[in-house]
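There are 2 protein chains.
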Amino acid sequence: MKDLVIGIDIGGTFTKFGFVDREGNFYAKGTAPTDIFDNVDDYLINLVKELQQAEQGIGVPYRIIGVGIGAPNANYHKGTIENAPNLKWKGIIYFGELFRKYYDAPVKLTNDANAAALGEMIYGGARGMKDFIMITLGTGLGSGIVVNGDLVYGHDGFAGELGHVNVLKNGRRCGCGNYGCLETYVSAPGIKRTVFELLASDHEGSALADYSFNELNSEMIYEAAIQNDPVALKAFDLTGKILGTKLADSVAHTSPEAIFLFGGLAKSGRYIFEPTKKYMEESMMGLFKNKVAILPSGLMDKNAAVLGAGALIWKDQE
Amino acid sequence: MKDLVIGIDIGGTFTKFGFVDREGNFYAKGTAPTDIFDNVDDYLINLVKELQQAEQGIGVPYRIIGVGIGAPNANYHKGTIENAPNLKWKGIIYFGELFRKYYDAPVKLTNDANAAALGEMIYGGARGMKDFIMITLGTGLGSGIVVNGDLVYGHDGFAGELGHVNVLKNGRRCGCGNYGCLETYVSAPGIKRTVFELLASDHEGSALADYSFNELNSEMIYEAAIQNDPVALKAFDLTGKILGTKLADSVAHTSPEAIFLFGGLAKSGRYIFEPTKKYMEESMMGLFKNKVAILPSGLMDKNAAVLGAGALIWKDQE
Chain A
49 MKDLVIGIDI GGTFTKFGFV DREGNFYAKG TAPTDIFDNV DDYLINLVKE LQQAEQGIGV
109 PYRIIGVGIG APNANYHKGT IENAPNLKWK GIIYFGELFR KYYDAPVKLT NDANAAALGE
169 MIYGGARGMK DFIMITLGTG LGSGIVVNGD LVYGHDGFAG ELGHVNVLKN GRRCGCGNYG
229 CLETYVSAPG IKRTVFELLA SDHEGSALAD YSFNELNSEM IYEAAIQNDP VALKAFDLTG
289 KILGTKLADS VAHTSPEAIF LFGGLAKSGR YIFEPTKKYM EESMMGLFKN KVAILPSGLM
349 DKNAAVLGAG ALIWKDQE
Chain B
49 MKDLVIGIDI GGTFTKFGFV DREGNFYAKG TAPTDIFDNV DDYLINLVKE LQQAEQGIGV
109 PYRIIGVGIG APNANYHKGT IENAPNLKWK GIIYFGELFR KYYDAPVKLT NDANAAALGE
169 MIYGGARGMK DFIMITLGTG LGSGIVVNGD LVYGHDGFAG ELGHVNVLKN GRRCGCGNYG
229 CLETYVSAPG IKRTVFELLA SDHEGSALAD YSFNELNSEM IYEAAIQNDP VALKAFDLTG
289 KILGTKLADS VAHTSPEAIF LFGGLAKSGR YIFEPTKKYM EESMMGLFKN KVAILPSGLM
349 DKNAAVLGAG ALIWKDQE
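Quick note, the sequences are listed as chains A and B, same order. Just so we're aligned, residue 49 is where the first sequence starts under our numbering, counting upward by one. Just so we're aligned, residue 49 is where the second sequence starts under our numbering, counting upward by one.
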């Protein structure tokens, strides 16, 4: 009898899921739409149907020991999804309880970046580490902080929101309603905003001057950097400077062994890793210098979100 | 038979100690000099002599279950004191091991602010809290971060150095060798430096314009604030603004239930608490607003450093 968990990653558009064993092998997987359902019950009825259909394909004897869910604004303590900006279900959704009405198994929720941190700990580069930080770079900046082998949830279940530490008073408008948050500078849209500021200041004959704000994306900035485009190179340096300086503050909080970068912008390799490391070292007190590795996630090309969600269950089996 | 711990607080000039029970009652206490000994062995021989002498005065049957020590740059994992700027013993001192050569009992070390956090948890305002942050405001800014009921030590034992998060690139010179660290703004000398900057900008007829840099201290700034001195009031507002903004970042890391302020500057009451709270709230994302209390330490007028050091032992008896 194989012990499996269901890992579910709820995104704004799609929900991905997989039936996974302790070693990270997938026995079945699938996708269900998220945003076509205005109502969470309709969403769940469809999701559970998809799960049951995928489950038919598992070719070995098995039992489901739990369901781990990664979702935006998910609260581990309460099993809720609370006012997630990119989901249609507003207010406080008691998602864990609702899910159990349709599918009978222990359910745990956390936010997507926390799930990614657990995935890194169980399957990725953080195996054996007790203290590390996971940074996910996508349309926003997410984070999961691990201290002494456990995720930091905080008193309200919402700890680890490094995307919203303060970079600049009255700085760029953030989706959270504040101004100057880290993710407005360090994320795929963040580096694009930096490019536009740099173009305004001195376009230096940059190839990026040919694109509208709506056309440009972070992959194009990476491609331009490879061609030594001066604005693209400066944008990466500035992005790494802001990230590195704020990570130095994070080190002063929890003194991690390593900080992992995950997601689109992290695929820009040395263009993002080198300035981040350099400015982090410059900004740290001597006690911490040359001790903290900045590493690419070990799950970069795997189904990290689903593995991480499933890891919520494996973590508690230890 | 009464179980007692010895709490020892090693300061740059004096070392204070006490024999304390689980409820925080003192059965004996004393003081020993720190800075007259160039050599840690000579210091220890004298300290142990003082301890043994004080021990004679304990009037009940007792046993010592452990020795908790708070010291600058102390490493909990290794029992070391490492390159403490205000102690004469340089390099890495294996203090825990050395102590046991002279006094046979289990020994634990941590830095003074971590010890204060444990004291707050066992005897002070943080009783029953699982997630909180302790900020000690003195000649520097120390901190102890508690997550899920345990102190955050980090992979190297040095976590919780919030005095050295970055406020301003190329800002004020810090004792740690860097520039612009939080404690250069938020501490007793920090607010004095702010007063001098404000006087330079516009003295506004401030009474503080009568004092030299060496004469002025933070109590005098507090006294001036009570008299509505414009420079003193502005200095407190700026100090609270910088502290509050950085504490908003700390909340994004560990989402504590409360943040306690301890030490000289914290005794300035509303002059420091009100701006700190106001600017912290302004700088936080909505998810965290109006959830985090900023409170005066419950140990403000007690022998907090010694109680906190002893709490290192009680914590592990739970």
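Note that these hints are calculated values from the structure, not bench results. Keep in mind that a hint or two might mislead.
[Unchecked claim] Result set (DMTMM-like, lysine to aspartate or glutamate): computed pairs, CA atoms no more than 25 angstroms apart in a straight line:
{"no.": "1", "chain 1": "B", "residue 1": "LYS126", "chain 2": "A", "residue 2": "ASP198"}
{"no.": "2", "chain 1": "A", "residue 1": "LYS156", "chain 2": "B", "residue 2": "GLU305"}
{"no.": "3", "chain 1": "A", "residue 1": "LYS315", "chain 2": "A", "residue 2": "ASP364"}
{"no.": "4", "chain 1": "A", "residue 1": "LYS217", "chain 2": "B", "residue 2": "ASP285"}
{"no.": "5", "chain 1": "A", "residue 1": "LYS325", "chain 2": "B", "residue 2": "ASP204"}
{"no.": "6", "chain 1": "A", "residue 1": "LYS363", "chain 2": "A", "residue 2": "ASP89"}
{"no.": "7", "chain 1": "B", "residue 1": "LYS339", "chain 2": "A", "residue 2": "ASP152"}
{"no.": "8", "chain 1": "A", "residue 1": "LYS217", "chain 2": "B", "residue 2": "ASP204"}
{"no.": "9", "chain 1": "A", "residue 1": "LYS217", "chain 2": "B", "residue 2": "ASP250"}
{"no.": "10", "chain 1": "A", "residue 1": "LYS326", "chain 2": "B", "residue 2": "ASP204"}
{"no.": "11", "chain 1": "B", "residue 1": "LYS289", "chain 2": "B", "residue 2": "GLU245"}
Check each numbered hint from earlier against the structure, then list the numbers of those it violates in ascending order.
3, 6, 7 and 8
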